[in-house]
Amino acid sequence: MAANIGILKRPVSTEGVWGWITTVDHKRIGILYGVSAFIFFLIGGIEALLMRVQLAQPDSTFVDAGTFNALFTMHGTTMVFMVVMPAGAAFFNFLVPLMIGARDVAFPRLNALSYWLFIFGAILMNFSFFKAAFPDVGWFGYAPLTTSEYTLSSSTDYWVLGLQIMGIGTTAAGFNFVITILNMRAPGMTLMRMPLFPWMTLIVSFLIIFAFPPLTIALTLLLFDRFFGTNFFDTAGAGADPLLWQHLFWIFGHPEVYILILPAMGIVSDVLPTFSRKPLFGYTTVVFAGAVIAFLGFGVWAHHMFTTGLGAWATAAFAGATMAIGVPTGVKVFNWLATMWGGSLQFKTPMLFALGFISMFMLGGLSGVMHAAVPVDTQQQDTYFIVAHFHYVLFGGSIFGLTAGIYYWFPKMTGRMLSERIGKLHFWVMFIGFNMTFMPMHILGVLGMPRRVYTYSVEQNWAGLNLFVSVGAFIIALSILLLIINIVRSARKGEAAGMNPWAAATLEWAIPSPPPHYNFAVIPTVRSQHPLWDEEANAVEPPPLPAHGEPHMPDPSYWPIVVAFGVTMVAGGLLIWQATTWVGLFVIAVSGFIGIRGIYGWVFEPVAEESAERVHAHH
Amino acid sequence: MRNNRPTGAGNTNTVTTPTAHPQNLAATLRRLLYFALAAVALVAVFASCDTPLTTFEPRSDATQRVHTIYIFVIVAASIVGFLVLAAMAYILWKYRERPGHTAQQTHGNTTLEITWTVIPILILVAIAIPTIVWIAGTTAEPDEDALHIEAVGHQWWFEFRYSGLGPDGEDLVTANELRVPVGRQVAITLEAKDVIHSFWVPQLVGKTDMVPGRTNILEKFTPTEIGTFYGQCAEFCGSAHALMRFRVHVDSHADFDRWVENMNADPVPPEAGSVEARGATVFTNFCARCHTIYGVSTEEIGPNLTLFGDRATLGAGILDSTDENLKAWVSNIRDIKPVLDTTNAMPTFYVGDPLVDQLTEAQVDQVVAYLKSLKLR
Amino acid sequence: MQYLSGIDDHRTSTGLDNRKMLMWAFLGSDVMFFGTLIGTHLIYRNRNLSGPQEEILSIPITTISTFVLLMSSLAMVLALAGIQRGNMGQFRFWTAIVCIFGSIFIGFQMFEFTEFAVHYGLTPRTNLFGSTFLVMTGFHGTHVAVGILWLWSILFASYKGKIHQGNSLQVEIAGLYWHFVDIVWIVIFGVVYLIGAYGAEGRALEEVPHAARAVGIG
Amino acid sequence: MTTEHAHVEEHNHPGPRQYVIIGAILAIITLIEFGVFYLSIDPALMTWIILLLSSSKFLLVVGYFMHLKFDDVRFSGLFFAPFLIMVSIAVVLMALFFNLTR
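Chains as they are written, first to last, in the numbering used here: chain A, 1 to 619; chain B, 1 to 377; chain C, 1 to 218; chain D, 1 to 102.
Honestly, I wouldn't trust all of these hints.
Stated by the list, open to error - When the alpha-carbon atoms are kept at most 16 Å apart in a straight line, the in silico EDC-like pairs for lysine to aspartate or glutamate are as follows: (1) Lys220(B) with Glu150(B); (2) Lys193(B) with Glu149(A); (3) Lys20(C) with Asp72(D); (4) Lys220(B) with Asp143(B); (5) Lys372(B) with Glu299(B); (6) Lys375(B) with Asp266(B); (7) Lys20(C) with Asp71(D); (8) Lys220(B) with Glu271(B); (9) Lys375(B) with Glu299(B).
To be verified - Just a few of them, taken from the derived set where beta-carbon distance is under 7 Å, the chain D residues facing chain C: (10) Thr30; (11) Ile32; (12) Ala44; (13) Trp48; (14) Ile49; (15) Leu52; (16) Leu59; (17) Gly63; (18) Lys69; (19) Phe70; (20) Asp72; (21) Phe83; (22) Phe97.
As the list claims (entries may be wrong) - Cβ-Cβ distance ranges computed for the label pairs, FRET-style: (23) Asp341(B) with Thr61(A): 48 to 54 Å; (24) Ser78(B) with Arg74(D): 43 to 49 Å; (25) Phe70(D) with Pro546(A): 35 to 41 Å; (26) Ile46(A) with Thr342(B): 39 to 45 Å; (27) Ala312(B) with Ile484(A): 33 to 39 Å; (28) Val603(A) with Ala81(D): 24 to 30 Å; (29) Ile484(A) with Asp341(B): 40 to 46 Å; (30) Pro43(D) with Ile46(A): 35 to 41 Å.
FYI, nobody ran anything at the bench for these hints, they're computed from the structure.
Just so it is clear, CB atoms sit at the ideal spot from N, CA and C, and this is done for glycine as well.
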């Protein structure tokens with residue numbers, strides 16, 4: 001019925017490259033997210049290594065100032081928006097429906113659109129490398145440095161548009177997971193029976209849909225300034241206040257910090273009980289603490305701006321709110337420790353990474369409390385102490401947590417185990433490399449080394465520590481190599497995982513590995529927080545498919561990628577417009593049409609082709 | 001309902017993988033300890049070096065106050081960190097998987113959880129109190145006899161304007177090397193010409209941003225020791241951000257007064273026919289388009305160069321003020337510093353290419369000699 | 001753990017429809033979007049260095065356009081009430097009214113923007129007021145335009161039999177969006193126009209309508 | 001399920017008559033706002049009056065036209081939670097930018 005509306009025939013095959021491009025299966029989209037994030041992780045890592053080579057010795061001329069500034073800008077932007085967030089999204093996508101007992105997310109095609117917008121936005125931003133140069137204004141893009149008056153190249157345009165497109169995709173994903181988790185749970189899976197990972201996904205999704213609009217606005221204002229000559233950040237000519245950008249950016253940016261860390265907290269909260277062989281200690285408290293962190297996260301943005309002259313009372317209030325966030329965070333750490341107390345701890349690789357997460361994240365949290373103390377912040381702000389702090393939170397926290405997730409769920413995703421031997425080696429090399437890299441940065445910060453400097457002079461006496469740090473960075477790189485080796489080895493000769501290799505408690509382990517495309521042959525009914533530990537079905541094969549065959553699943557669709565392409569090319573047209581007006585307008589018009597056509601095609605395409613009749617009859 | 005909670009290995013679904021042996025764990029912990037000791041030793045080595053931007057050697061009342069809180073916070077955080085890590089190590093050791101040991105199926109304990117909610121609150125309150133007292137202290141009015149200075153950030157150098165100390169009661173302007181007397185309070189207001197910069201002299205005063213369109217107030221400070229202190233722009237401000245440095249010379253009262261007097265006095269014209277005199281002509285014809293020397297020129301686009309011969313550095317504190325460096329700087333600033341080619345950027349004067357050069361090499365030498373001759377009397 | 005068989009594919013945990021919940025979540029997110037835009041406008045008030053600002057806002061004209069938008073909202077609920085009762089004629093009539101009123105509102109806005117540009121020389125490039133005001137109301141206008149497009153599409157689809165009493169939820173969701181656009185305007189009209197322009201320096205007294213002066217509130 | 005749900009809802013929904021009444025109230029409030037604008041009163045008082053009138057219009061549309069008054073409470077949560085966050089943020093921002101915190 002719908003096929004004749006579209007100019008594109010409905011894809012029917014799930015095989016081959018087109019199968020992946022048109023897929024709406026949450027597991028495949030999850031894998032796409034994961035693989036993309038990993039590729040960008042390598043790119044962002046190489047950027048970091050280049051910076052570390054430059055800083056390994058004083059007055060180095062390995063790269064010049066402009067290149068270095070581009071490197072740290074792209075390293076930050078890449079790691080935040082193209083690595084940790086999509087890596088989180090990879091786990092959301094693959095696991096949340098499995099963990100809550102659903103067959104897919106609430107809006108499978110919207111889910112595909114989210115991925116394509118993310119990847120197109122990321123590619124657009126990185127494309128600046130071929131066109132002008134990488135953006136070099138910092139991942140925070142403080143105005144007025146980003147206005148065309150002070151940024152002569154078009155690289156900042158790529159940065160703005162790329163972020164904007166990724167932001168739209170992310171927000172769409174946020175909507176999807178809010179609805180999925182609220183609405184698609186299996187019977188009996190009450191909110192307070194959900195594992196911690198879907199819980200944290202829910203909270204993160206709320207953060208996304210409420211925190212991204214301020215960023216969207218900030219980017220839009222900047223975009224209008226750069227493209228159409230508005231005055232939002234024109235301090236000299238129009239009397240604008242550059243702090244507007246900082247406020248809007250951090251109103252987004254601080255919740256963003258929790259968007260980056262909460263998924264890792266969710267992973268660890270599910271990994272720990274499995275390898276402690278006992279339930280999470282104080283489930284309700286851990287859930288509640290996550291929610292409180294998220295809520296308070298909207299009220300502390302100005303602590304990124306203590307040195308901008310906010311005024312005494314505003315500073316005091318934001319300092320107080322910031323310290324308050326330390327409380328639920330601390331409670332989580334204590335609850336994790338108490339989860340292990342009295343357990344029977346199995347030091348498998350995922351557990352090691354989870355332990356790495358707890359210890360390193362806690363150190364990052366403690367240094368965070370230090371600069372919540374405003375006087376201390378006047379000395380620490382914009383020094384390597386801050387760099388050390390947020391790498392303890394985002395690398396020691398997010399990356400360790402996500403790696404725990406990789407080792408924990410890789411068997412579920414692929415059906416094969418990763419090597420424990422290489423995995424443990426990976427952990428220790430990464431743990432040591434991480435601490436070698438970032439622990440000395442605390443000292444560098446105390447010794448006054450500012451962030452974002454491409455060079456420093458001999459007389460500063462920072463050379464020795466910097467060399468040490470750079471060596472550490474390469475040890476981290478080595479550990480990532482071990483991960484790659486482990487994955488390749490597993491793909492070739494990894495042992496079969498079976499349904500539940502870790503004897504874990506949650507629903508995703510009740511189905512075969514890798515899961516069939518419909519996830520659950522029959523939707524389970526849940527009676528407790530630990531269905532596979534508490535109930536009779538433990539260690540029992542899932543029921544066979546019912547007599548009427550496989551459940552109806554949504555069919556693949558071209559429209560998500562068509563819409564994403566249209567949106568991205570509108571941005572591309574804007575970029576062309578700056579150089580050649582009419583060509584740009586033409587591109588904008590054509591791609592705008594493609595986008596709108598895509599939306600119409602999407603709207604009038606039934607979710608699943610063969611069930612079109614049935615759906616129609618249902619209404 | 002049968003409780004099938006697995007108690008470790010032996011579950012039907014478990015793929016048997018080698019579990020960590022206690023010996024391995026002990027060895028690992030031992031290795032970790034060595035690593036930590038090595039790290040501490042490293043800190044000791046590097047902390048003993050002379051690092052001019054260190055935040056740990058306060059030389060003013062302001063940084064001293066901050067330092068006290070800094071140390072308190074570090075000690076508090078270290079104790080908490082150590083205790084939690086120790087507890088974690090104990091738990092990992094005590095409850096490691098071993099034969100005959102099964103996990104206790106606890107779900108939570110309200111009393112415990114309340115306890116470890118209250119303890120962080122108490123610690124944070126203990127940190128919040130000195131913080132808020134300190135913030136309240138920053139709102140105090142400056143002393144009656146405070147030295148009022150306006151610092152302006154430019155891409156990429158610092159301008160310092162002493163209120164009312166200049167010729168005819170106007171501002172006395174200097175650049176990149178701030179001079180203040182010891183023991184007298186300094187009250188600095190901060191502004192910026194183009195993008196956001198940040199004023200920071202770690203040993204004298206914590207940083208505050210210089211925001212275009214705003215006037216920020218730096219924390220008032222009283223230097224307690226004579227000497228030269230290093231400053232650095234602490235907010236990313238474009239390509240040469242790393243090279244935007246400055247110095248603060250804390251002088252005795254007598255030296256400071258002598259400097260102010262000299263700044264205000266008309267410079268002695270160089271002896272006619274000397275190299276310096278020819279340099280002065282070059283200066284008037286070229287450099288004076290942007291640079292002020294009191295009594296010689298008035299444009300304020302570039303840094304004020306009065307008494308330049310007494311400066312220890314050039315180029316916003318990035319080079320020692322030697323003849324060779326100055327010559328290279330005047331010849332082609334782009335060799336030294338990444339400069340945005342805006343209208344306010346310093347031109348390239350000499351690269352040995354007649355099509356580009358505005359000056360000859362000899363003229364560069366002359367202007368270098370002239371600038372170096374502008375010294376205190 | 002038990003397995004149920006024959007679960008309805010359309011069952012949801014909360015009993016609420018996914019799409020309707022999506023629209024509410026989207027509106028929640030859009031609150032942040034417009035809140036930030038309006039907030040930006042408010043914090044940049046009175047920072048203009050030059051050029052016209054709030055004194056040029058025409059309250060009488062905007063009151064009329066506000067009224068038009070409010071009435072389109074009324075038409076929207078009447079259209080929904082129609083389709084929910086299976087009265088397609090009522091639904092189509094009121095939906096068309098919504099689209100027409102929405103278009104009139106857009107017309108007012110275009111008139112306003114043109115007036116500002118031609119008579120007062122105010123464009124987004126002129127000053128901060130021009131930038132914040134025009135971008136904010138421009139985004140609102142874009143939302144209105146999208147709503148009109150959406151409702152026209154629904155109206156056409158209803159003639160093709162694709163919108164009927166059975167899926168009136170489609171209309172309800174579009175309606176939620178339309179009402180949201182309306183309440184955003186309620187806020188903009190109150191905060192930006194009325195409070196913003198009240199007592200603005202240079203506001204011409206002639207602007208007070210005769211009717212208002214006649215009843216003594218001028 | 002959707003149709004069934006809609007029918008259940010309709011029982012306590014207001015009908016076209018109530019909608020027209022609400023519409024009339026909205027129009028009257030708008031007229032009052034218009035009148036208030038031409039009063040010569042203290043700007044602060046005027047601000048509060050307009051805020052009060054606008055929020056009552058806001059609540060009428062949200063409550064009746066958008067059915068939030070009769071619909072599931074979770075919808076109200078999805079809408080008013082960000083609303084409260086945004087209002088608080090805006091108030092704080094205005095306090096900061098108008099230098100009320102110095």
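Tested hints:
no., hint, result
1, Lys220(B) with Glu150(B), "12 Å, holds"
2, Lys193(B) with Glu149(A), "13 Å, holds"
3, Lys20(C) with Asp72(D), "11 Å, holds"
4, Lys220(B) with Asp143(B), "9 Å, holds"
5, Lys372(B) with Glu299(B), "20 Å, violated"
6, Lys375(B) with Asp266(B), "12 Å, holds"
7, Lys20(C) with Asp71(D), "11 Å, holds"
8, Lys220(B) with Glu271(B), "44 Å, violated"
9, Lys375(B) with Glu299(B), "21 Å, violated"
10, Thr30, "6 Å, holds"
11, Ile32, "10 Å, violated"
12, Ala44, "10 Å, violated"
13, Trp48, "10 Å, violated"
14, Ile49, "9 Å, violated"
15, Leu52, "10 Å, violated"
16, Leu59, "9 Å, violated"
17, Gly63, "11 Å, violated"
18, Lys69, "13 Å, violated"
19, Phe70, "12 Å, violated"
20, Asp72, "6 Å, holds"
21, Phe83, "5 Å, holds"
22, Phe97, "4 Å, holds"
23, Asp341(B) with Thr61(A): 48 to 54 Å, "21 Å, violated"
24, Ser78(B) with Arg74(D): 43 to 49 Å, "46 Å, holds"
25, Phe70(D) with Pro546(A): 35 to 41 Å, "39 Å, holds"
26, Ile46(A) with Thr342(B): 39 to 45 Å, "32 Å, violated"
27, Ala312(B) with Ile484(A): 33 to 39 Å, "52 Å, violated"
28, Val603(A) with Ala81(D): 24 to 30 Å, "29 Å, holds"
29, Ile484(A) with Asp341(B): 40 to 46 Å, "44 Å, holds"
30, Pro43(D) with Ile46(A): 35 to 41 Å, "59 Å, violated"
Of the numbered hints given earlier, the model fails hints 5, 8, 9, 11, 12, 13, 14, 15, 16, 17, 18, 19, 23, 26, 27, 30; all others are met.
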